[in-house]
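S.K.: Here are the chains, one letter per residue:
Number of protein chains: 2
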Amino acid sequence: MRATFMHQAGDVRVQDAPDPVIEQPTDAVVRVVRSCVCGSDLHPYHSLSAADGPAPMGHEFIGVVEELGSEVSGLHRGDLVVSPFAFADNTCDYCREGLQTSCPKGGFFAAGVGGAQAEAVRVPQAQGTLVKLPKDVDSALLPSLLTLADVYGTGYHAAHQARVRPGDSVTVVGDGAVGLLAVLSARQLGAERIILMGRHKSRTDLGRFFGATDVVAERGEEGIAKVRDLTGGQGTRAVLEAVGHLPAYEMAVGAVRPGGVISRVGVPQYDEAPVGFGSLFGPNVTLTGGPAPVRAYIDQLLPAVLDGTVDPGRVFDRTVSLDRTPEGYRAMDQREALKVLITP
Amino acid sequence: MRATFMHQAGDVRVQDAPDPVIEQPTDAVVRVVRSCVCGSDLHPYHSLSAADGPAPMGHEFIGVVEELGSEVSGLHRGDLVVSPFAFADNTCDYCREGLQTSCPKGGFFAAGVGGAQAEAVRVPQAQGTLVKLPKDVDSALLPSLLTLADVYGTGYHAAHQARVRPGDSVTVVGDGAVGLLAVLSARQLGAERIILMGRHKSRTDLGRFFGATDVVAERGEEGIAKVRDLTGGQGTRAVLEAVGHLPAYEMAVGAVRPGGVISRVGVPQYDEAPVGFGSLFGPNVTLTGGPAPVRAYIDQLLPAVLDGTVDPGRVFDRTVSLDRTPEGYRAMDQREALKVLITP
Numbered sequence: 001m002r003a004t005f006m007h008q009a010g011d012v013r014v015q016d017a018p019d020p021v022i023e024q025p026t027d028a029v030v031r032v033v034r035s036c037v038c039g040s041d042l043h044p045y046h047s048l049s050a051a052d053g054p055a056p057m058g059h060e061f062i063g064v065v066e067e068l069g070s071e072v073s074g075l076h077r078g079d080l081v082v083s084p085f086a087f088a089d090n091t092c093d094y095c096r097e098g099l100q101t102s103c104p105k106g107g108f109f110a111a112g113v114g115g116a117q118a119e120a121v122r123v124p125q126a127q128g129t130l131v132k133l134p135k136d137v138d139s140a141l142l143p144s145l146l147t148l149a150d151v152y153g154t155g156y157h158a159a160h161q162a163r164v165r166p167g168d169s170v171t172v173v174g175d176g177a178v179g180l181l182a183v184l185s186a187r188q189l190g191a192e193r194i195i196l197m198g199r200h201k202s203r204t205d206l207g208r209f210f211g212a213t214d215v216v217a218e219r220g221e222e223g224i225a226k227v228r229d230l231t232g233g234q235g236t237r238a239v240l241e242a243v244g245h246l247p248a249y250e251m252a253v254g255a256v257r258p259g260g261v262i263s264r265v266g267v268p269q270y271d272e273a274p275v276g277f278g279s280l281f282g283p284n285v286t287l288t289g290g291p292a293p294v295r296a297y298i299d300q301l302l303p304a305v306l307d308g309t310v311d312p313g314r315v316f317d318r319t320v321s322l323d324r325t326p327e328g329y330r331a332m333d334q335r336e337a338l339k340v341l342i343t344p
Numbered sequence: 001m002r003a004t005f006m007h008q009a010g011d012v013r014v015q016d017a018p019d020p021v022i023e024q025p026t027d028a029v030v031r032v033v034r035s036c037v038c039g040s041d042l043h044p045y046h047s048l049s050a051a052d053g054p055a056p057m058g059h060e061f062i063g064v065v066e067e068l069g070s071e072v073s074g075l076h077r078g079d080l081v082v083s084p085f086a087f088a089d090n091t092c093d094y095c096r097e098g099l100q101t102s103c104p105k106g107g108f109f110a111a112g113v114g115g116a117q118a119e120a121v122r123v124p125q126a127q128g129t130l131v132k133l134p135k136d137v138d139s140a141l142l143p144s145l146l147t148l149a150d151v152y153g154t155g156y157h158a159a160h161q162a163r164v165r166p167g168d169s170v171t172v173v174g175d176g177a178v179g180l181l182a183v184l185s186a187r188q189l190g191a192e193r194i195i196l197m198g199r200h201k202s203r204t205d206l207g208r209f210f211g212a213t214d215v216v217a218e219r220g221e222e223g224i225a226k227v228r229d230l231t232g233g234q235g236t237r238a239v240l241e242a243v244g245h246l247p248a249y250e251m252a253v254g255a256v257r258p259g260g261v262i263s264r265v266g267v268p269q270y271d272e273a274p275v276g277f278g279s280l281f282g283p284n285v286t287l288t289g290g291p292a293p294v295r296a297y298i299d300q301l302l303p304a305v306l307d308g309t310v311d312p313g314r315v316f317d318r319t320v321s322l323d324r325t326p327e328g329y330r331a332m333d334q335r336e337a338l339k340v341l342i343t344p
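Just so you know, the sequences run in chain order A and B.
Here the first sequence stands for residues 1 to 344, numbered as in UniProt numbering.
Here the second sequence stands for residues 1 to 344, numbered as in UniProt numbering.
What the hints contain is simulated information worked out from the structure, not anything from laboratory work.
The beta carbon of each residue, even a glycine, is placed where N, CA and C say it ideally should be.
Incorrect hints may appear among the rest.
Restraint ranges, calculated between C-beta atoms of paired labels, are given here [as the list claims (entries may be wrong)]:
#: 1; chain 1: B; residue 1: Arg330; chain 2: A; residue 2: Thr91; range: 54 to 64 Å
#: 2; chain 1: B; residue 1: Gly190; chain 2: A; residue 2: His7; range: 27 to 37 Å
#: 3; chain 1: B; residue 1: Arg163; chain 2: A; residue 2: Glu221; range: 26 to 36 Å
#: 4; chain 1: A; residue 1: Gly232; chain 2: B; residue 2: Pro134; range: 33 to 43 Å
The calculated SDA-like cross-link candidates involving lysine to any residue, where the alpha carbons are at most 20 Å apart (straight line), are [said to hold, decoys possible]:
#: 5; chain 1: B; residue 1: Lys132; chain 2: B; residue 2: Glu67
#: 6; chain 1: B; residue 1: Lys105; chain 2: A; residue 2: Pro303
#: 7; chain 1: A; residue 1: Lys105; chain 2: B; residue 2: Gly278
#: 8; chain 1: A; residue 1: Lys105; chain 2: B; residue 2: Arg324
#: 9; chain 1: A; residue 1: Lys105; chain 2: B; residue 2: Thr231
#: 10; chain 1: B; residue 1: Lys105; chain 2: A; residue 2: Gly232
#: 11; chain 1: A; residue 1: Lys105; chain 2: B; residue 2: Gly233
#: 12; chain 1: B; residue 1: Lys105; chain 2: A; residue 2: Gly233
#: 13; chain 1: A; residue 1: Lys105; chain 2: B; residue 2: Pro258
Not everything, but these chain B residues come out facing chain A in the computed CB check (under 10 Å) [said to hold, decoys possible]:
#: 14; residue: Gly220
#: 15; residue: Pro274
#: 16; residue: Leu280
#: 17; residue: Val285
In isolation and in its complexed conformation, chain A is listed as follows (with noise of 0.2 Å):
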């Protein structure tokens, strides 16, 4: 089959590799309908040495069940499933407390896994892991239902950790695809004020569509005075953190109010930061967050994309064949698109 690999920064490559095949009773191999590229894909883009490559690329995908391991039950050949970016058994503790990220049989797409920017993938854990589909489902859908593998979902976590609630003030920072979905989702959970921090008209146009009341363009401490302003000078309740470099932890820190909480769903790409009593524990702020659990989320956000409630398929806006990956990837990079879609 056709796959990516990302050779080292900045080069990705379709190329041949093996099919898939199931490897374990509990695995699925699953042909890929759908997939994309995510802003968290960028970070090798930019960093990965030839040492470490090729790695598989492509985590969030939809697809139609191709084969299946003698211990998966309930799910059959030809079946539209949509999986999480991560793969759990989801009958453990952590699975059934929602965390499936932490799941001990879990693991993450790509990574020794195989990627979904391909033709098919194996799917680990797969009666866990895949969610079925309605199998007439409007096409115009798949790309709302692809945001559930991950940036939706991902969203929501940032929002549901914050316990965004009715009438909320609520901080985003970034207005890449996650932090325009963390504003859909803290819309949902009730937030009545919605600041988004971004400068891409296109974007925060996109996230006054989702919800947002207020944009916020400026960065660092103007962008902080600026959503202080906005605030009575207090800062919002929740801040959700949807960027991952440690300029935006500094933003989060100084645009939350007193009691407030951080919550961070952009892969940190820093070790140490400000926690002490000038930063966090003075205003006794609480910071949580981490990688999405969105298995947990399917389920519920499901139907309203289903029924076109909401949209969040729209932070799609370029779609390329998968021999065009590497071109997605030149068109984020460059901040010429937002998300990129791959169809086969």
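The hints should help you fit chain B onto chain A, whose structure is shown.
M.R.: Quick look at chain B alone, frame taken from chain A:
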């Protein structure tokens, strides 16, 4: 009057000072009946420069109202009162949310206001700050009532912010007065497993009395391994950190279960700490805590103290008269005493 000042690290003196007077119509002057030395007083005892001294000391007290400003209602001369270590108006948005430590009219005793290791103290925002006690209270209860000013409320804050609930597993880092009362608080909130990390047997014995089910004397990697051994390799859902030094934070990171909470009430003696993928983010660990809004907890904790259900005053294992306060500092610094009570 006589009052305690720290002139520089290791140099505590009780000396003459002006009698406190009403400065604002919202003030009270309280004659101190019981005060004490706090573990946090040992931080300047180790580090205060002569240039920053002399500093008035003491922020925990029970006393009798002696004078009242014209705008204070609900209190009378002669009332026996306990005071939180932070004063606050108890009417603003933050106070109504239970975050009195962020009250814009609030502040901390000692710095700027005058310390409570003294014959008398001026209390700003007296109406919002002071809590009346029964006049006929048994004097044997005074030590326990005094813990409501700080250490009991602070231990309780740790458990409350970690949302400790029935059946929970909790690790408490630190066997000082706050750590031991965090044990008591976790037990009151229904924790089933409470692992106390501390290596002073007399203290950890008191911890067992307050509800600790296990004691881990080891520190660092060894201590973490021991907590993991005790919890099937998982760590506990909540870790209450009652020390404030970086190694205690690192121990908390090592001892917490994925999806769990680290709740800090030890005043951090560091600015930056690990918060990246390998520490907090990957396992979706929440970091919370801060200076305890003890005023928010007094009403709730008081009845069980008054009826003897709990006996948090057991943390006091030495009593000195005001003039011998410097001996109290020395005894706590040398770990000869857990917590020192001061009588007039």
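S.K.: Among the hints numbered above, which are violated by the structure, and what are their numbers in rising order?
M.R.: Of the numbered hints, 2, 6, 8, 14 do not hold.
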